[in-house]
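S.K.: Below are the chains, spelled out letter by letter.
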Amino acid sequence: MEQLVPVFIILPLVSAFIIPVTGRFSQNFTRGLSSIVFLILTVLCVASIGLWDRGMIIYTVGGWKPVGDIPIGIDLIFDGFSAFILGIINFIALLSSFYSIGYIKKYTSENNFYTLLCLMIAGMNGVVLSGDLFNIYVFLEIASIASYALVAFGVEKEELEASFKYQVLGGLGSLIILIGVGLVYWITGTLNIADSSNLLITKFDNKFYIVTQILFIAGFGLKAAIVPFHTWLPDAHSSAPSPISSLLSGVLIKAVGIYVLIRLFFHMFDLTYEVSLLFTLLGVLSMIVGGILAIGQSDYKRLLAYSSISQVGYIITGVGLGMLIIATGGDGSIAALAIFGGLFHLLNHAIFKSLMFMTAGVVEHSTNLRDLRMLGGLSRKMPLTTNASFAGSMSISGLPPFSGFFSKLIIIIAAFQAQYYVVGAIAALMSIITLAYFLKFHKDTFLSKARSEVRQFLPVPVTMKVPLVILGILCVVLGVFLVPQMKEIFMDPAINVIIDTDQYSEIILNVNR
Amino acid sequence: MIVYLLCFTLFLVGLYGVLTQRNLVKIVIGLSIMEISIFLFFTLIGYIQGAAAPIVVRGQVETQFVDPLPQAMVLTAIVIALATNAMLLSIAIRLYRKYKTFDIREMRSLKG
Amino acid sequence: MSEIVKTVTKIIVGVIFIYGLYIIVHGHLTPGGGFAGGAVLAGAFVLLVLAYGSPETKLKSQKEYPAIFESLSLLAFLVLASIGIGLGIKVFFNNYLPKGIVGDLVSAGNIPLYNMAIGIEVAAAMFAIILALIIYKEEARE
Chain A
1 MEQLVPVFII LPLVSAFIIP VTGRFSQNFT RGLSSIVFLI LTVLCVASIG
51 LWDRGMIIYT VGGWKPVGDI PIGIDLIFDG FSAFILGIIN FIALLSSFYS
101 IGYIKKYTSE NNFYTLLCLM IAGMNGVVLS GDLFNIYVFL EIASIASYAL
151 VAFGVEKEEL EASFKYQVLG GLGSLIILIG VGLVYWITGT LNIADSSNLL
201 ITKFDNKFYI VTQILFIAGF GLKAAIVPFH TWLPDAHSSA PSPISSLLSG
251 VLIKAVGIYV LIRLFFHMFD LTYEVSLLFT LLGVLSMIVG GILAIGQSDY
301 KRLLAYSSIS QVGYIITGVG LGMLIIATGG DGSIAALAIF GGLFHLLNHA
351 IFKSLMFMTA GVVEHSTNLR DLRMLGGLSR KMPLTTNASF AGSMSISGLP
401 PFSGFFSKLI IIIAAFQAQY YVVGAIAALM SIITLAYFLK FHKDTFLSKA
451 RSEVRQFLPV PVTMKVPLVI LGILCVVLGV FLVPQMKEIF MDPAINVIID
501 TDQYSEIILN VNR
Chain B
514 MIVYLLCFTL FLVGLYGVLT QRNLVKIVIG LSIMEISIFL FFTLIGYIQG
564 AAAPIVVRGQ VETQFVDPLP QAMVLTAIVI ALATNAMLLS IAIRLYRKYK
614 TFDIREMRSL KG
Chain C
626 MSEIVKTVTK IIVGVIFIYG LYIIVHGHLT PGGGFAGGAV LAGAFVLLVL
676 AYGSPETKLK SQKEYPAIFE SLSLLAFLVL ASIGIGLGIK VFFNNYLPKG
726 IVGDLVSAGN IPLYNMAIGI EVAAAMFAII LALIIYKEEA RE
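Protein chains in written order, with my numbering: chain A, 1 to 513; chain B, 514 to 625; chain C, 626 to 767.
Among the hints, a few may not be true.
[Unchecked claim] The list that follows gives simulated cross-link-like pairs (lysine-lysine, DSS-like), each with its CA atoms no further than 25 Å apart: (1) C:Lys-724 to B:Lys-539; (2) A:Lys-105 to B:Lys-539; (3) C:Lys-762 to A:Lys-157; (4) C:Lys-688 to A:Lys-106; (5) A:Lys-65 to C:Lys-715; (6) A:Lys-207 to B:Lys-611; (7) A:Lys-106 to B:Lys-611; (8) A:Lys-106 to A:Lys-65; (9) A:Lys-65 to A:Lys-105; (10) A:Lys-157 to C:Lys-631; (11) C:Lys-724 to A:Lys-65; (12) C:Lys-635 to B:Lys-611; (13) A:Lys-106 to B:Lys-539; (14) A:Lys-465 to B:Lys-611; (15) A:Lys-465 to A:Lys-105; (16) C:Lys-631 to C:Lys-683; (17) B:Lys-611 to C:Lys-688; (18) C:Lys-631 to C:Lys-762; (19) A:Lys-165 to B:Lys-611; (20) A:Lys-105 to C:Lys-688; (21) B:Lys-611 to A:Lys-105; (22) B:Lys-613 to A:Lys-157; (23) A:Lys-165 to C:Lys-762; (24) A:Lys-106 to C:Lys-635; (25) C:Lys-715 to C:Lys-635; (26) C:Lys-685 to B:Lys-613; (27) A:Lys-106 to A:Lys-440; (28) C:Lys-715 to B:Lys-613; (29) C:Lys-685 to C:Lys-631; (30) C:Lys-724 to A:Lys-105; (31) B:Lys-611 to C:Lys-631; (32) A:Lys-165 to A:Lys-207; (33) A:Lys-381 to A:Lys-449.
[As the list claims (entries may be wrong)] Facing chain A, from chain B, some residues (calculated, C-beta under 10 Å): (34) Leu-523; (35) Arg-571; (36) Ala-585.
No lab work stands behind these hints: they were computed from the structure.
Ideal Cβ positions, reconstructed from N, Cα and C, are used throughout, including at glycine.
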């Protein structure tokens, strides 16, 4: 297993650079290659559950062994939490690239599309694996630049405008992150997360300590579209081609935003009450603002994009509650429950938001319409899409047999157990509002009478249908992660890594010794 | 200390440009100014008064070098900034060809 | 372009080219390396295009070649780095070639090879970017 860690970065990069060369000769090879690569990586992630002994794998790139106590090379860290996120990234990437085979044919430069897709996934895998602050920045920029290009892929007015806005705000976020990295290097003289965590404990009274924390929250918050920084998300995510929207909303904001925030604030900085409170407040704010703005939307993908902001709020709230409980020295099992809720919702959101954006792509491909006021009565013509969309929207809204219900329930239970009643009540209320707008959306699009604006029903290729079926089934069956045995296998390694805030740096520095 | 303040001022100049300018290209210039201020900050972090450049040559006499790591980081960040700027400018040109202007007030196809 | 530009270009472009190559090859000894040298190389190509500009249609058909060079050199870079997984201490980016003596032109193991791959990639990429901008400008003029 140890030798396989860099494969997560090498394989997507190699396929990204093979595609422009072979694309001139064989179009079919290009189309299949990215799917095959992501299939291999997904299998590797699932296999890692059996292959690897649940410890932390520390891979020193270039073989730069530490000198004395100080790690000098770049580390790749593969532990329970990164394995969890890597699994989600590569699984959604597999389905998206398979879906693209049918969808992207209408655009001209297919090769560029697959190259950028592979680059974006390579960047995300790198961010998740990296144990070095500057390396995180570099991979984050690879993923971001690829995503800027992919948002503008349609080169129409809306796409270009959305991409420009996304680039200016995303670039601002990256620069803020870069200043934060510089300040950490200034304070501690190291870029390794574990090492700087060890050194930052003694520098607690440094006047730049809090500035660094705020810079990281602002920078990665911009990437994760937490509420005061969310304005780019609805434009960018609704303008991108549908398989890319599903990757951006389902994975990118989590891998480069939420994952890094959790990693840095649990493992690098000491958890403080103020920062935890700020996290929870931002989460609750995202939840409310995203939900309320989603109600008035009449564009299919814009509605989904606003709902993404709201659901990311749930994830941040769950994790923030866990932080609050740990920071105030509360019951560890409740903190574990809150973080379990957050991570489970992260997984669920990746599944159902990808599903929803893919159904949006199917509807757009088939009828060439995106305006909810013009759509209607699609259920008779597209039964499969209707059922998939129903499963997805009910899962987002949190109705019982679907997986979204359980993750929201866990977050709300954790909030009540930790006696943050207001947070729990708001989460429950926003769930009802979510149900309201998704019911309206579902009625408008699929159930009401057919309208005259819907003129054409192009046939949908089978490659676009298969991901819908897989994701729709997952929406129903993912509730099994609540069964203790399943939770132990899939979720507990990730939760344990997050909860043990000191263990991360201890293991790395000891192994390095 | 004053040099760090100058860096910060330069950063604010760039931020002012990004926030107030209405021209796409001027926004890109503002972003570049911010990038450059951060590169300056990074080089200052590693700077030691009177130390030599961190290059190993035959028969050298200096014993003290400036910190090479921030310089390596700046070089990497410059490459990334090049990619970002090229991307931004190409999008700006495409926008110009759609709207026949660089003024962002004219570009309103996205709502709410 | 005017005759003066063409003549000066004819004289100076070779010098620029050699200078770029020098910076790339000496990347492990002196300041510079793949990125800086590649940018100089791209400058030489751009100078040629600007001075002896071809019609837009011809430029468009040539646009593919830099992209292929870029991909191939990056592939070479990745393959060089990945071979390290199988040799010596068996890690990615392992410097498995003999290191030589500090200060020699042929020393530092893999680093000069990485520099060359990066140099070709940067030259191709920057040339492609500027070529694309030139094509945009030509199209807008019509």
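S.K.: Take the hints in turn and mark each one as holding or not.
M.R.: Cross-check of the supplied hints:
For the hint linking Lys-724 of chain C to Lys-539 of chain B, the alpha-carbon distance of about 48 Å lies beyond 25 Å, and the restraint is violated. Restraint check for Lys-105 of chain A and Lys-539 of chain B: the C-alpha separation of about 36 Å exceeds 25 Å, so the hint is violated. Proximity of Lys-762 of chain C to Lys-157 of chain A is assessed by CA-CA distance (about 19 Å); at most 25 Å being required, the pair is judged to hold. Straight-line distance between C-alpha atoms of Lys-688 of chain C and Lys-106 of chain A comes to about 22 Å, which keeps the hinted pair within the 25 Å bound.
In summary, the hint linking Lys-65 of chain A to Lys-715 of chain C is supported, as the alpha carbons are separated by about 13 Å, within the 25 Å threshold. In summary, the hint linking Lys-207 of chain A to Lys-611 of chain B is not supported, as the alpha carbons are separated by about 49 Å, beyond the 25 Å threshold. The suggested pairing of Lys-106 of chain A with Lys-611 of chain B holds, with an alpha-carbon distance near 21 Å, which does not exceed 25 Å. Taken as a hint, the Lys-106 of chain A and Lys-65 of chain A pair is broken in the structure, with Cα atoms around 50 Å apart against an allowance of 25 Å.
The straight-line distance between the Cα atoms of Lys-65 of chain A and Lys-105 of chain A is roughly 48 Å, outside the 25 Å bound, and the hint therefore fails. At most 25 Å may separate the alpha-carbon atoms for a hinted pair to count; Lys-157 of chain A and Lys-631 of chain C exceed this at roughly 39 Å. In summary, the hint linking Lys-724 of chain C to Lys-65 of chain A is supported, as the alpha carbons are separated by about 18 Å, within the 25 Å threshold. A C-alpha spacing of about 38 Å is found between Lys-635 of chain C and Lys-611 of chain B, which places the hinted pair above 25 Å, so the restraint is violated.
With a CA separation close to 35 Å, the supplied pair Lys-106 of chain A and Lys-539 of chain B exceeds the 25 Å bound. Of the supplied pair hints, the one linking Lys-465 of chain A and Lys-611 of chain B is violated, its CA atoms being roughly 35 Å apart against a limit of 25 Å. Annotation: proposed proximity of Lys-465 of chain A to Lys-105 of chain A holds, straight-line Cα distance about 15 Å (limit 25 Å). Straight-line distance between C-alpha atoms of Lys-631 of chain C and Lys-683 of chain C comes to about 19 Å, which keeps the hinted pair within the 25 Å bound.
Straight-line distance between C-alpha atoms of Lys-611 of chain B and Lys-688 of chain C comes to about 23 Å, which keeps the hinted pair within the 25 Å bound. As the CA atoms of Lys-631 of chain C and Lys-762 of chain C are separated by approximately 21 Å, the hinted pair is consistent with the 25 Å bound. Straight-line distance between C-alpha atoms of Lys-165 of chain A and Lys-611 of chain B comes to about 16 Å, which keeps the hinted pair within the 25 Å bound. For the hint pairing Lys-105 of chain A with Lys-688 of chain C, the CA-to-CA distance comes to about 22 Å; that is within 25 Å, so the pair holds.
Using a Cα cut-off of 25 Å, the hinted pair Lys-611 of chain B and Lys-105 of chain A holds, with the two alpha carbons roughly 24 Å apart. A threshold of 25 Å between alpha carbons decides the hint, and for Lys-613 of chain B with Lys-157 of chain A the separation of about 12 Å falls inside it, so the pair holds. Simply put, Lys-165 of chain A and Lys-762 of chain C have alpha-carbon atoms about 23 Å apart, close enough for the 25 Å limit, and the pair holds. Distance check on the hinted pair: Lys-106 of chain A and Lys-635 of chain C sit about 45 Å apart at the alpha-carbon level, beyond 25 Å; violated.
Of the supplied pair hints, the one linking Lys-715 of chain C and Lys-635 of chain C is violated, its CA atoms being roughly 49 Å apart against a limit of 25 Å. For the proposed pair Lys-685 of chain C and Lys-613 of chain B, the alpha carbon gap of about 23 Å is at most 25 Å, so the pair holds. Note on Lys-106 of chain A and Lys-440 of chain A: the hinted pairing is violated, with a Cα-Cα distance of about 31 Å set against a maximum of 25 Å. At most 25 Å may separate the alpha-carbon atoms for a hinted pair to count; Lys-715 of chain C and Lys-613 of chain B exceed this at roughly 56 Å.
In summary, the hint linking Lys-685 of chain C to Lys-631 of chain C is supported, as the alpha carbons are separated by about 22 Å, within the 25 Å threshold. Only pairs whose Cα atoms come within 25 Å are accepted, and Lys-724 of chain C paired with Lys-105 of chain A is rejected, the gap being roughly 49 Å. Between the alpha carbons of Lys-611 of chain B and Lys-631 of chain C the distance comes to roughly 35 Å, so the proposed pair goes past 25 Å and is violated. About 33 Å separates the Cα atoms of Lys-165 of chain A and Lys-207 of chain A, which puts this hinted pair outside 25 Å; it is violated.
Using a Cα cut-off of 25 Å, the hinted pair Lys-381 of chain A and Lys-449 of chain A holds, with the two alpha carbons roughly 12 Å apart. Annotation: Leu-523 of chain B was flagged as interfacial toward chain A, and the flag is violated, the nearest CB pair being 12 Å apart, outside 10 Å. For Arg-571 of chain B, the interface hint is violated, the least distance from its beta-carbon to any beta-carbon of chain A being 24 Å, above 10 Å. Interface restraint check: Ala-585 of chain B against chain A, minimum CB-CB distance 9 Å, threshold 10 Å, status holds.
Checked against the numbered hints listed earlier, the structure breaks hints 1, 2, 6, 8, 9, 10, 12, 13, 14, 24, 25, 27, 28, 30, 31, 32, 34, 35; every other hint is satisfied.
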